[in-house]
Amino acid sequence: MDLRRGQVARMIIDAHVHVLPDSLRERRDEIARSDPWFAACHEGERRIASVDEVLQAMDAAGVERSVCFGWPFADAALCAAVNDHLGAAQREHPDRIIGFGCVNPASPDAVEELRRCADLGLHGIGELNSDAQGFSLEDPRISAAVEVSVALNLPWTLHCSEPVGHQYAGKGTMTPDRVVAFAMRHPELRLICAHLGGGLPFYAHMPEIAQVCRRLWFDTAAGPFLYEPTAYRTVIDLVGADRLLFGSDYPLLAVARYMTAFTAAGTSDAERRLVCGDAMAALLGLS
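Quick note, the sequence shown lines up with residues 1 to 287 if you use this note's numbering.
To be clear, the hints were calculated from the coordinates, so they are not data collected in a lab. Predicted model only: the values in this text are computed from it and were never measured. All residues carry an ideal CB built from backbone N, CA and C; glycine is no exception. Hints are not guaranteed to be accurate.
With a Cα cut of at most 20 Å, we get these calculated EDC-like pairs of lysine to aspartate or glutamate [unchecked claim]:
no. : residue 1 : residue 2
1   : Lys-171   : Glu-138
2   : Lys-171   : Asp-131
3   : Lys-171   : Glu-228
Pairwise CB distance ranges, derived in the manner of DEER restraints [what the hints assert, rightly or not]:
no. : residue 1 : residue 2 : range
4   : Arg-141   : Ser-287   : 30 to 40 Å
5   : Ser-287   : Glu-30    : 34 to 44 Å
6   : Glu-30    : Gly-121   : 24 to 34 Å
7   : Leu-286   : Ala-264   : 25 to 35 Å
8   : Asp-59    : Ala-264   : 24 to 34 Å
9   : Glu-112   : Asp-52    : 22 to 32 Å
10  : Pro-207   : Glu-112   : 18 to 28 Å
11  : Asp-75    : Ala-210   : 16 to 26 Å
Whenever a hint applies, use it, and build me the whole structure from the sequences.
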């Protein structure tokens, strides 16, 4: 499905893509033995994408740019390897790849690695996963990482989960209540709440939660597995199309499923332009 044919946005940006360097893809089984979260999310033949595969998929779907994450590793050496790879990919494809750094915010090396991410030209940090990386949003060890990220103008993407519903590989404990409390403690930190923030925008019927939600962003990653298309209409109505970011979670899901869902949700052309690229471009200051 070529998004350019429908003129969905001036620049189509996928806000949620996972990629790993060949050096780590080749160590898949080894990493899985020491990282239970990685193992659970990459069982069987589940793909781990390379940069070349991401670029090919982008070309096929008409996506101009993709925000690329590695994986939320707890191990600092694995994080550094991902960051080196994303920095190189971004330099090689500056108009296509938008790198977000892989950092464990509770690590003693977090501040140094955040500064290195900025030096590499990465645009943010994520996808952060408290369960996979062994921290909580209440953890005082992450305060320094928050402070440095704000100073370096690096937004965070958080791996959020629903407090209700079925279990699945990847469902964790970074739930709306914790995200709201964290956002209220750190209003200066720009936060992208992945996976529709675990349903956080639906609580925006509560005025005090609406105030918090309207300074957060929510991506659609894995949405077709979790919600009816009407969920996107609800989020737009409650917090605005400028706060909803198209994210595919590639290679987990293809772009076309989201475009079908956005249409089924009754979104307008103007709303789709925001969701599919313009809102993310504004967030990151992209031209």
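Hints and how they fare:
no. : hint                           : verdict
1   : Lys-171 to Glu-138             : 19 Å, holds
2   : Lys-171 to Asp-131             : 9 Å, holds
3   : Lys-171 to Glu-228             : 18 Å, holds
4   : Arg-141 to Ser-287: 30 to 40 Å : 37 Å, holds
5   : Ser-287 to Glu-30: 34 to 44 Å  : 41 Å, holds
6   : Glu-30 to Gly-121: 24 to 34 Å  : 29 Å, holds
7   : Leu-286 to Ala-264: 25 to 35 Å : 28 Å, holds
8   : Asp-59 to Ala-264: 24 to 34 Å  : 25 Å, holds
9   : Glu-112 to Asp-52: 22 to 32 Å  : 30 Å, holds
10  : Pro-207 to Glu-112: 18 to 28 Å : 41 Å, violated
11  : Asp-75 to Ala-210: 16 to 26 Å  : 39 Å, violated
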